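Given only the sequences and the hints, what does the whole structure look like? Please build it.
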Amino acid sequence: MLHLLGKNSRSIVLGLDVSSTTAKLLELSKSGGHYRVESYGVANLPLDAVIEKTINDIPALSKSIAQAAALSETSVTLVAAAVAGSTVITKLIEMPDGLNDDALEATLFVEADQHIPYPLEEVALDFEVQGGSLDLEGYNSVLLAACRKETLDARVEAIEAAGLKPTIIDIEAFAIERAFELIQRHLKLDPNSTVAIFDIGATMTTLSVLHRGRSIYTREQVFGGKQLTDEIMGRYGLPLEEAGLAKKHGGLPDDYEPEVLEPFKEAVIQHISRSLQLFFSSSHYNDVDSIVLAGGVACMAGLDRLVREKLGTRVVIANPFQGMTMSSKVDAVALQDDAPGLMIACGLAMRSFD
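Heads up, the sequence shown is in our numbering, so the first residue is 1 and it goes up one at a time.
These aren't lab readings, by the way, just hints derived from the structure by calculation. Just so you know, not all the hints are guaranteed correct.
Stated by the list, open to error - The following label-pair restraints were derived from C-beta to C-beta distances:
#, residue 1, residue 2, range
1, Lys188, Pro258, 36 to 44 Å
2, Ala161, Glu309, 45 to 53 Å
3, His284, Asp153, 34 to 42 Å
4, Glu309, Ile216, 21 to 29 Å
Unchecked claim - The list that follows gives simulated cross-link-like pairs (lysine-lysine, DSBU-like), each with its CA atoms no further than 35 Å apart:
#, residue 1, residue 2
5, Lys165, Lys91
6, Lys165, Lys63
7, Lys53, Lys63
8, Lys248, Lys329
9, Lys310, Lys53
10, Lys53, Lys91
11, Lys149, Lys165
12, Lys91, Lys188
13, Lys265, Lys188
14, Lys91, Lys149
15, Lys310, Lys188
16, Lys329, Lys188
17, Lys30, Lys91
18, Lys248, Lys188
19, Lys165, Lys329
20, Lys53, Lys265
21, Lys53, Lys188
22, Lys53, Lys248
23, Lys329, Lys30
24, Lys165, Lys248
25, Lys30, Lys53
26, Lys63, Lys265
27, Lys248, Lys63
28, Lys329, Lys53
29, Lys53, Lys149
30, Lys30, Lys188
31, Lys63, Lys30
32, Lys30, Lys248
33, Lys30, Lys165
34, Lys30, Lys149
35, Lys248, Lys310
36, Lys63, Lys149
37, Lys265, Lys248
38, Lys265, Lys310
39, Lys165, Lys53
40, Lys63, Lys329
All values derive from a computational prediction rather than experimental measurement. Each residue gets a CB set at the ideal place from its N, CA and C atoms; glycine is no exception.
As structure tokens, this is what we get:
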């Protein structure tokens, strides 16, 4: 059965993260409380196959997923994937304690009709008991989640066409929250702190604010590293692939850093600052204790220092694999470079051990 929120898998699953430019697959194992990276693979996506979290070309995505699986050399076929938070409606509902799953499901289906602005036959519903209600004695808080079936079906079709089996469809913000547990542990962050995680990809940036390790705010905006790639293409007349390689490995003219790279870094800082101000204005919070930079843009040399200097807040680069061992088929140097962009894949792979 496919679950939107991801029930216990009891099997090793591959964490699959699909962005606008890549398909990333990650396999973890766990022994004695310690994680090990068994395999991972990253494959590029054709232009416009995925636009702002929406899958436009299922065959192209399927081919890239298959390439990532081949690169990883994994033998695992079960997959945990995720949908963007903006495509999911979530609602906390108070339900009487003692109801079994069948009774909960029947009652929540009735409740969902009041909270979901789509015909119920068009949505996939799932729920997860969060624990005892803080307000009502004898009740549990139950998280209800609903997503349009067409959003799930596109991912399922792409995964199955790649020869893999989707078993869990999670929500990206929850995957980030799960992977953050590893970062918090190794950086010795205060468990009571408020942390802003900026996952800055090619075209989309997701801000997840966690308080005491739990998501309290998520916002997605169109902003990412593709803006820098486009500027390189326009200024230096390079095709997309060459511009991307030059951005990553260098070799551009002397005016690149002062006239292209530095203004982009300033734009990143302004985006982070504005996003935090939006969070503060919509909540009772007026500060965060730490900022975690994730996504491909996070690897940009010196960006963490600039953000720290401009905002006066502790800034760290996401690396959920710190302290993990690796199998012999994993390229440790490549994984180090890719680590900030593998937060979601890592959080999904961790579903193997719930």
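Each hint, compared with the structure:
Judged by the Cβ atoms, the range 36 to 44 Å given for Lys188 and Pro258 holds: they are separated by roughly 37 Å. For the pair Ala161 and Glu309, the supplied restraint of 45 to 53 Å holds, since their beta-carbon distance comes to about 47 Å. Evaluation of the 34 to 42 Å hint for His284 and Asp153 yields a pass: the beta carbon distance comes to about 39 Å. A hinted range of 21 to 29 Å holds for the C-beta pair Glu309 and Ile216, which are about 27 Å apart.
With a C-alpha separation of about 29 Å, the suggested pair Lys165 and Lys91 falls inside the 35 Å cut-off, and the hint holds. A distance of roughly 15 Å separates the Cα atoms of Lys165 and Lys63; the hinted pair therefore holds under the 35 Å criterion. At most 35 Å may separate the alpha-carbon atoms for a hinted pair to count; Lys53 and Lys63 meet this at roughly 17 Å. Taking the CA atoms of Lys248 and Lys329, the gap is about 24 Å. The hint holds against a cut of 35 Å.
Taken as a hint, the Lys310 and Lys53 pair is honoured in the structure, with Cα atoms around 30 Å apart against an allowance of 35 Å. Only pairs whose Cα atoms come within 35 Å are accepted, and Lys53 paired with Lys91 is accepted, the gap being roughly 22 Å. Taken as a hint, the Lys149 and Lys165 pair is honoured in the structure, with Cα atoms around 17 Å apart against an allowance of 35 Å. For the suggested pair Lys91 and Lys188, the alpha carbons sit about 32 Å apart, so the restraint of at most 35 Å is met.
Note on Lys265 and Lys188: the hinted pairing holds, with a Cα-Cα distance of about 28 Å set against a maximum of 35 Å. At roughly 18 Å between alpha-carbon atoms, Lys91 and Lys149 fall within 35 Å of each other, so this suggested pair holds. Taking the CA atoms of Lys310 and Lys188, the gap is near 24 Å; set against the 35 Å cutoff, the hint holds. Only pairs whose Cα atoms come within 35 Å are accepted, and Lys329 paired with Lys188 is accepted, the gap being roughly 30 Å.
A threshold of 35 Å between alpha carbons decides the hint, and for Lys30 with Lys91 the separation of about 32 Å falls inside it, so the pair holds. Restraint check for Lys248 and Lys188: satisfied, since their Cα atoms lie roughly 31 Å apart, inside the 35 Å limit. Pair hint Lys165 plus Lys329 holds up; C-alpha atoms about 23 Å apart against a cutoff of 35 Å. As the CA atoms of Lys53 and Lys265 are separated by approximately 24 Å, the hinted pair is consistent with the 35 Å bound.
Annotation: proposed proximity of Lys53 to Lys188 holds, straight-line Cα distance about 33 Å (limit 35 Å). Among the hinted pairs, Lys53 with Lys248 is consistent with the structure: their alpha-carbon atoms are about 23 Å apart, no more than 35 Å. For the suggested pair Lys329 and Lys30, the alpha carbons sit about 17 Å apart, so the restraint of at most 35 Å is met. Using a Cα cut-off of 35 Å, the hinted pair Lys165 and Lys248 holds, with the two alpha carbons roughly 33 Å apart.
Distance check on the hinted pair: Lys30 and Lys53 sit about 30 Å apart at the alpha-carbon level, within 35 Å; holds. Between the alpha carbons of Lys63 and Lys265 the distance comes to roughly 33 Å, so the proposed pair stays at or under 35 Å and holds. Distance restraint check for Lys248 and Lys63: the Cα-Cα separation of roughly 24 Å lies within the 35 Å cut-off, and the hinted pair is therefore satisfied. Taken as a hint, the Lys329 and Lys53 pair is honoured in the structure, with Cα atoms around 30 Å apart against an allowance of 35 Å.
Of the pairs offered as hints, the one joining Lys53 and Lys149 holds, with about 15 Å between alpha carbons and a cut-off of 35 Å not exceeded. Pair hint Lys30 plus Lys188 holds up; C-alpha atoms about 21 Å apart against a cutoff of 35 Å. For a cut-off of 35 Å, the pair hint linking Lys63 to Lys30 stands: about 29 Å separates their Cα positions. At roughly 33 Å between alpha-carbon atoms, Lys30 and Lys248 fall within 35 Å of each other, so this suggested pair holds.
Distance check on the hinted pair: Lys30 and Lys165 sit about 21 Å apart at the alpha-carbon level, within 35 Å; holds. Between Lys30 and Lys149 the CA atoms are separated by roughly 33 Å; this keeps the pair inside 35 Å, and the hint holds. Between the alpha carbons of Lys248 and Lys310 the distance comes to roughly 24 Å, so the proposed pair stays at or under 35 Å and holds. Distance restraint check for Lys63 and Lys149: the Cα-Cα separation of roughly 22 Å lies within the 35 Å cut-off, and the hinted pair is therefore satisfied.
Distance restraint check for Lys265 and Lys248: the Cα-Cα separation of roughly 15 Å lies within the 35 Å cut-off, and the hinted pair is therefore satisfied. Taking the CA atoms of Lys265 and Lys310, the gap is about 11 Å. The hint holds against a cut of 35 Å. Annotation: proposed proximity of Lys165 to Lys53 holds, straight-line Cα distance about 21 Å (limit 35 Å). For a cut-off of 35 Å, the pair hint linking Lys63 to Lys329 stands: about 22 Å separates their Cα positions.
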